[in-house]
Amino acid sequence: MFLKSYRTRKIVSKVFIYILIGVGAIVMVLPFAWMVSTSLVEKAYYFEYPPELIPENPTFNNYIKAWTTGKFQLFFLNSLIVTVVSVIFVILFSAMMAYAFARLEFPGKEWVFYTIIFVLMVPNMVGIIPQFLLAKTLNLRNSLWGLILFYVSGSIPFNAFLLRGFFETLPHELEDAILIDGGNYLTIFLRMIIPLSTPALATVSIFSFLGYWDEYILALTLIDDVGKRTLPVAIATYHGQHGTDWGLVFAASIIAIAPIITMFVLLQRYFVGGLTQGAFKG
Amino acid sequence: MKINQKKQQALVAYLFILPGLLLYIIFLIYPILKALQISFYEWNIMLGSQNIFVGMANYERALSDPIVGVALKNTTLYTIVTVPGQMVIALFIALLLNKITKGKIFFRTIYYIPVVTSWVVVSLLFRYLFQSPKGIINFIIVNVLGVVQKPIPWLQEASTAFFPILSLGIWKGIGWTMVIFLAALETISPDLYEVAEIDGANGWQKLTGITLPLIRPTLVFTSVMLMIGGFNVFISVFLITQGGPLQRTEVILSYMYRQAFNYLDFGYGAALSFILTIIIAVLSFLQIRFLRKPEEIV
Numbered sequence: 001m002f003l004k005s006y007r008t009r010k011i012v013s014k015v016f017i018y019i020l021i022g023v024g025a026i027v028m029v030l031p032f033a034w035m036v037s038t039s040l041v042e043k044a045y046y047f048e049y050p051p052e053l054i055p056e057n058p059t060f061n062n063y064i065k066a067w068t069t070g071k072f073q074l075f076f077l078n079s080l081i082v083t084v085v086s087v088i089f090v091i092l093f094s095a096m097m098a099y100a101f102a103r104l105e106f107p108g109k110e111w112v113f114y115t116i117i118f119v120l121m122v123p124n125m126v127g128i129i130p131q132f133l134l135a136k137t138l139n140l141r142n143s144l145w146g147l148i149l150f151y152v153s154g155s156i157p158f159n160a161f162l163l164r165g166f167f168e169t170l171p172h173e174l175e176d177a178i179l180i181d182g183g184n185y186l187t188i189f190l191r192m193i194i195p196l197s198t199p200a201l202a203t204v205s206i207f208s209f210l211g212y213w214d215e216y217i218l219a220l221t222l223i224d225d226v227g228k229r230t231l232p233v234a235i236a237t238y239h240g241q242h243g244t245d246w247g248l249v250f251a252a253s254i255i256a257i258a259p260i261i262t263m264f265v266l267l268q269r270y271f272v273g274g275l276t277q278g279a280f281k282g
Numbered sequence: 001m002k003i004n005q006k007k008q009q010a011l012v013a014y015l016f017i018l019p020g021l022l023l024y025i026i027f028l029i030y031p032i033l034k035a036l037q038i039s040f041y042e043w044n045i046m047l048g049s050q051n052i053f054v055g056m057a058n059y060e061r062a063l064s065d066p067i068v069g070v071a072l073k074n075t076t077l078y079t080i081v082t083v084p085g086q087m088v089i090a091l092f093i094a095l096l097l098n099k100i101t102k103g104k105i106f107f108r109t110i111y112y113i114p115v116v117t118s119w120v121v122v123s124l125l126f127r128y129l130f131q132s133p134k135g136i137i138n139f140i141i142v143n144v145l146g147v148v149q150k151p152i153p154w155l156q157e158a159s160t161a162f163f164p165i166l167s168l169g170i171w172k173g174i175g176w177t178m179v180i181f182l183a184a185l186e187t188i189s190p191d192l193y194e195v196a197e198i199d200g201a202n203g204w205q206k207l208t209g210i211t212l213p214l215i216r217p218t219l220v221f222t223s224v225m226l227m228i229g230g231f232n233v234f235i236s237v238f239l240i241t242q243g244g245p246l247q248r249t250e251v252i253l254s255y256m257y258r259q260a261f262n263y264l265d266f267g268y269g270a271a272l273s274f275i276l277t278i279i280i281a282v283l284s285f286l287q288i289r290f291l292r293k294p295e296e297i298v
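Quick note, the sequences are listed as chains A and B, same order.
Once you know that position 182 of the first sequence is 182 in our numbering, the rest is easy, because the numbers rise by one and skip nothing.
Once you know that position 78 of the second sequence is 78 in our numbering, the rest is easy, because the numbers rise by one and skip nothing.
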């Protein structure tokens, strides 16, 4: 008797838990559902009353239109170039720096390290005015390379800090073995540190990819030339010039966020791993 | 030999940090120091014009600028609403997810999707949802729930225009906070709860007596990170209300950006960004100082 009621109580509370989680999940998803729904309606300048989550005549025309009109494909390509090139450089330079901090001794080490930590505390936007002026002076405005330079520099400190923590956990014995075998520090870096750190490097790459793909403020400030725009800037300008065709805006938005969402769903163990690692360190 | 090896190692180390450090000094450190300098000038970007040293004038101007007062109030409001909002909801969801095994990863993924979605896209999306008189939020509150008689002109009125920004801030941040909480909860041994249950503890007592004290460092960490994020709010304001109507929803960074890139008043903009830096530095310090127990301070 007692057992039975205990079990029923357990089941009831489980069901209750799932209902609460489910309702929360619906709240999280509903805005996206409306975005997808609207993107399937042509000429959605106004909000239809009563609203229908599943439109009467759904069509992919907005997607075709978004992808083929204007310079959308160029914006997509710009985003892809800036993101991929920045990820490659930030991984390379951050890993090199992290290796020196984690495994080598050199005068001035502490000092450089504390400067990096200090700068991590300053809000990114503080640099935006002089970064704009610097880009102007160095002729880096309206250039994808300019954007890449600022992106990479801006994220080196954080990534180097993160990787340093990981590199420190690698065993020292291997290092000695490589040196005895006649290898040098570069051999250690390339043959030992890098191969043993793939999970950490993957995490850093994914987070960097996400950050660069979505970056808006620097791209908005440094780029005036329409042909050099990246997706976030382009999408923000689609809205509200002459009444907004929301179906088109959202079709373009969905194309822009699709790579990120796909990547996240497929590689989420790296996301979660990276997040929690950072959290417990801090 | 020993000294040679040391020298060699230092040389190698410098070569390894050189590319990163150079980029970092030129494109990050230099601009931050330059911003500090600019904040003491009336800075002119027109060719051939002079920059005039004005001392503390830009900072003094900020102290008496009524819009700075509004922006400061809004930035603070954003932080004190969204930080506890995200933390309480995220903790609730994390506690629930920690109790289930089936579908845990699936739900964690769902809750995290807003986090990985670009600020630009979700800002436009919330602008769309909060349209008036015809928008989905108005439809829900008027026609479905019936909590108000007529549609609320969300973005047209100063008193309601900040609401979409606040709700976006909470909605987008829950997933991040929840994932971190969940990871912390997973490290707590179930034995502790069993012992407490035998002693007759109820759910609330288990939460306040076991769970919260054990995840305390995580709570401090997330509150500091979210607070910093809160004071840095920018894109959502910039794209949803543009600080309007009548600059009533301006936050520090949107006002700073406007001063710098609309009015080309770089000196004033730089001063505003440093005021924000000082506020954030002081608050993070206080938060870490008072929320961490003495033995936890490194």
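It is possible that part of the hints are untrue.
[Stated by the list, open to error] Covered stretches of chain A, going by a simulated chain B footprint (3 or more residues, C-beta under 8 Å): (1) 20-32; (2) 42-52; (3) 76-84; (4) 94-104; (5) 121-132; (6) 146-159; (7) 247-259.
If you're looking for bench data, these hints aren't it; they were derived computationally from the structure.
A virtual CB, placed ideally from N, CA and C, is assigned to each residue, including glycine.
Structure-based check of all given hints:
{"no.": "1", "hint": "20-32", "result": "holds (count 9)"}
{"no.": "2", "hint": "42-52", "result": "holds (count 5)"}
{"no.": "3", "hint": "76-84", "result": "violated (count 0)"}
{"no.": "4", "hint": "94-104", "result": "holds (count 7)"}
{"no.": "5", "hint": "121-132", "result": "holds (count 12)"}
{"no.": "6", "hint": "146-159", "result": "holds (count 7)"}
{"no.": "7", "hint": "247-259", "result": "holds (count 5)"}
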